[in-house]
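Here the protein sequences line up with chains E and L, keeping their order. To convert, count from 1 in the first sequence and add 45; that's this note's numbering. To convert, count from 1 in the second sequence and add 1259; that's this note's numbering.
To be clear, the hints were calculated from the coordinates, so they are not data collected in a lab. Misleading hints may appear alongside valid ones.
Stated by the list, open to error - Among the chain L residues that face chain E by a calculated CB cut under 7 Å, a handful are: (1) F1378; (2) K1383; (3) C1384; (4) A1385; (5) T1422; (6) V1424.
Unchecked claim - Taking lysine-lysine pairs in the BS3-like style, the calculated list, with each CA pair at most 25 Å apart, reads: (7) L:K1318 <-> L:K1289; (8) L:K1354 <-> L:K1327; (9) E:K278 <-> E:K252; (10) L:K1383 <-> E:K194; (11) E:K299 <-> L:K1383; (12) E:K288 <-> E:K331; (13) E:K299 <-> E:K194; (14) L:K1327 <-> L:K1380; (15) L:K1380 <-> E:K194.
Said to hold, decoys possible - Derived Cβ-Cβ restraints for the label pairs, each shown as a range: (16) L:S1304 <-> E:G249: 49 to 59 Å; (17) E:N244 <-> L:P1440: 31 to 41 Å; (18) E:S62 <-> L:P1440: 42 to 52 Å; (19) E:D216 <-> L:E1270: 23 to 33 Å.
By construction, the Cβ of each residue, glycine as well, lies at the ideal position given by its N, Cα and C atoms.
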Amino acid sequence: MTTGMEYWRWTESSWRSGMDWHGADIIKCGIDVGSVSSQAVIFADEHLLAYSSIRTGSSSPDSAQSALQAAIEETGINISDIDYVVGTGYGRVNVPFAHASITEISCHARGAHYMAPSGRTILDMGGQDCKVIRINERGDVIEFITNEKCAAGTGRGIEVFAELLSVPISDVGKLSLDVAETPQISSTCVIFAKSEAINLLNQGWSKNQVLGAYCSAMAERVYRLIHRIGLIKDFVITGGIAKNIGIVKRIEDKLGVEATLVKPDSQIAGALGAALFAGDLFLKQKKKAL
Amino acid sequence: MITAGIDVGAETVKAVILVDQELVGWSMVKAELDRRVSAEKALQSAEAMSGLPAGSIQKIMVTGSGRKTIAMADGNVSDIIATGRGVFFLFPSVKTVIDIGAEEARAIRVDAGGDIRNFAKNDKCAAGVGAFLGAMARALELNIEDLGVASQRSRQHIPINATCVVFAESEVVSLIHSQIPKEDIARAIHESVAIRITSMARRIGIERDIVFIGGVVRNVGVIESLNRHLGMDMLIPERPEIVTAIGAAIIAREEME
Chain E
46 MTTGMEYWRW TESSWRSGMD WHGADIIKCG IDVGSVSSQA VIFADEHLLA YSSIRTGSSS
106 PDSAQSALQA AIEETGINIS DIDYVVGTGY GRVNVPFAHA SITEISCHAR GAHYMAPSGR
166 TILDMGGQDC KVIRINERGD VIEFITNEKC AAGTGRGIEV FAELLSVPIS DVGKLSLDVA
226 ETPQISSTCV IFAKSEAINL LNQGWSKNQV LGAYCSAMAE RVYRLIHRIG LIKDFVITGG
286 IAKNIGIVKR IEDKLGVEAT LVKPDSQIAG ALGAALFAGD LFLKQKKKAL
Chain L
1260 MITAGIDVGA ETVKAVILVD QELVGWSMVK AELDRRVSAE KALQSAEAMS GLPAGSIQKI
1320 MVTGSGRKTI AMADGNVSDI IATGRGVFFL FPSVKTVIDI GAEEARAIRV DAGGDIRNFA
1380 KNDKCAAGVG AFLGAMARAL ELNIEDLGVA SQRSRQHIPI NATCVVFAES EVVSLIHSQI
1440 PKEDIARAIH ESVAIRITSM ARRIGIERDI VFIGGVVRNV GVIESLNRHL GMDMLIPERP
1500 EIVTAIGAAI IAREEME
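All chains, full assembly: derive it from the sequences and hints.
Pasting the structure below:
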C-alpha cells in the first residue's frame, strides 16, 4: 500500500518580527540558494526583520525569488524598498535581483558568528555538502574543509534513509535515539549503507535501530572531517541537519563537547551572513557616490 | 583431480568445478541473506552440470567478500589472489586485470607467472561499480541489461558531473527533465564509470594485455568507454563472472599437488 507520502519532505518556514521598518536607513537582504533549500534574510538597519527557508526548485532564479517572496510576505516591503541584496550558495550567480554575490564559506562564517559569537569551529551540514569552518573572534575565516563529492554526511543522505524506512524526516533524529543498541552501517557510502540497512531489517533489527545506525554513521563521517581541521571551542552547528537531534547528539558524544545553540535558526546562517555583507557593500557604495 | 571454487560476492555467488585443467561445471546464483545457503545452491547446480557422481569433489576453496561465512569449504583464499590465478589460467598473456563487480572494483597487476604484483581497489564508494549502474538504470527507467545497448545509439557527448551515486541520480533526473535523450545519458554514465576506473588503474600502472572481468563486463557501453579511455582493447573472457571462482578451484588443485 502506498500512502503517497513523501517522507523526505521537510517543512518550509518563515518568520517576521512585526516591527515597523519605514523609518530605517537601510533595508539589506541576503539570499542563499543552496542545492536543496534556499533562504532569504532581511534586516532593517541592525534589526532582523524577516526570514524564510524554502525548498530549492529546478531553477535558481525562481528559487531566489520564492525565498524572497516568502520572507517579505505580510511585512509590506516591496523589492524596490530593499537597498542592497547579496546572493550566496551554489546558485548565487543566478540571483537576478542581487547587487553582488559572495561565496557561501564567507557568508556562513559571518552568519554563524552573528548567531553564536563565541563559536570558533563551525560545522555546516547542508543538503549536498558538509563544511567545517574555523573562524576567529571577529568571524573571519581562518581555514575550512568541505565534503561536496559524496552524499554520506549530508542532508541528501538522510532524505534517502527517511524514504527507505518510511519515516518523516523531522522524526528521524528523535526516533534514532529511542534505542538501547544499534548495529553498524557503512559511513562511507549512502548506497552501501542503504543495502546494509535492508539486510539489517531482514535480520530483525527495528526501524529505529537502523535509523540509529545511520545517524551514528553520519556522525562518524562528520567527526572525521572535523578531526582533520581540529576542534577549537566553542563548537557550533549550522544547516538543516543541526535540527536532527539524533545526529547532533552523536556528534557531541564523539567530540566530547556540547554544541552552542544557534539562534534564531540554524538554517539561515548563509543568508544572514549575506545580508550583513549587503549592509557593508551598500555603505561602501554610498561613500563612493559622495 | 577434481576441485571446486566458490566466489561469494555482494550480489551473486559463483561456483565452478575443474577436472584437472578442464572446466566441467559452473553456476551463478543470487546472493541470499544467508550466504551459506547460496553457496550450497551454487555448488549443487555446478555439480549437476558437470554430471560427476556425488561426492567426487576432492577439495573446495572459497573466495570473495563473503568467504569467511562459508564453513563447508576446505579453505579460503583472498579474492585478489584467486582473480590473478583465474585470469592467468584463461589468458597467460595478462599483465593487468580490471574487475568490476556489484560493490567493488579492482585493478590488479599480474607478473609472468600469474602472481600478484600490485593492486588497487574501490570498495568504499559505489561510484564506478555495478551498484552505480543499477541505480542509474532505475533513474532512466531502463533494464540494467539494456543500458549498454542504449548508449550505443548516443549521438552526442554530455558530461555527468557528480561522482556520488546519490548526487548522480538527481543529476540524471534533471537531464531527463531537460529533454536529453536517454541514450546520451546512458553514454555519459558509462563515461563516468570509465573515467573513475581508468584513474584507479593508473595508480598501479597499465600494461597490456588487459583482461576485463566481473559482472559489469555484460555492459557493452562500459567496455567501449573503457577501451577508449585505456587506449587499447581489453581481452574479455566468455564468462566474465566466474573467473575468480576458477582461480579458487585452481588454488585448491595446487594445494593438493
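To see whether the hints hold, each was checked on the structure:
{"no.": "1", "hint": "F1378", "in the structure": "19 Å, violated"}
{"no.": "2", "hint": "K1383", "in the structure": "4 Å, holds"}
{"no.": "3", "hint": "C1384", "in the structure": "5 Å, holds"}
{"no.": "4", "hint": "A1385", "in the structure": "4 Å, holds"}
{"no.": "5", "hint": "T1422", "in the structure": "5 Å, holds"}
{"no.": "6", "hint": "V1424", "in the structure": "5 Å, holds"}
{"no.": "7", "hint": "L:K1318 <-> L:K1289", "in the structure": "23 Å, holds"}
{"no.": "8", "hint": "L:K1354 <-> L:K1327", "in the structure": "29 Å, violated"}
{"no.": "9", "hint": "E:K278 <-> E:K252", "in the structure": "35 Å, violated"}
{"no.": "10", "hint": "L:K1383 <-> E:K194", "in the structure": "13 Å, holds"}
{"no.": "11", "hint": "E:K299 <-> L:K1383", "in the structure": "22 Å, holds"}
{"no.": "12", "hint": "E:K288 <-> E:K331", "in the structure": "39 Å, violated"}
{"no.": "13", "hint": "E:K299 <-> E:K194", "in the structure": "24 Å, holds"}
{"no.": "14", "hint": "L:K1327 <-> L:K1380", "in the structure": "19 Å, holds"}
{"no.": "15", "hint": "L:K1380 <-> E:K194", "in the structure": "19 Å, holds"}
{"no.": "16", "hint": "L:S1304 <-> E:G249: 49 to 59 Å", "in the structure": "29 Å, violated"}
{"no.": "17", "hint": "E:N244 <-> L:P1440: 31 to 41 Å", "in the structure": "36 Å, holds"}
{"no.": "18", "hint": "E:S62 <-> L:P1440: 42 to 52 Å", "in the structure": "51 Å, holds"}
{"no.": "19", "hint": "E:D216 <-> L:E1270: 23 to 33 Å", "in the structure": "32 Å, holds"}
Against the hints set out earlier in the document, violations occur for numbers 1, 8, 9, 12, 16.
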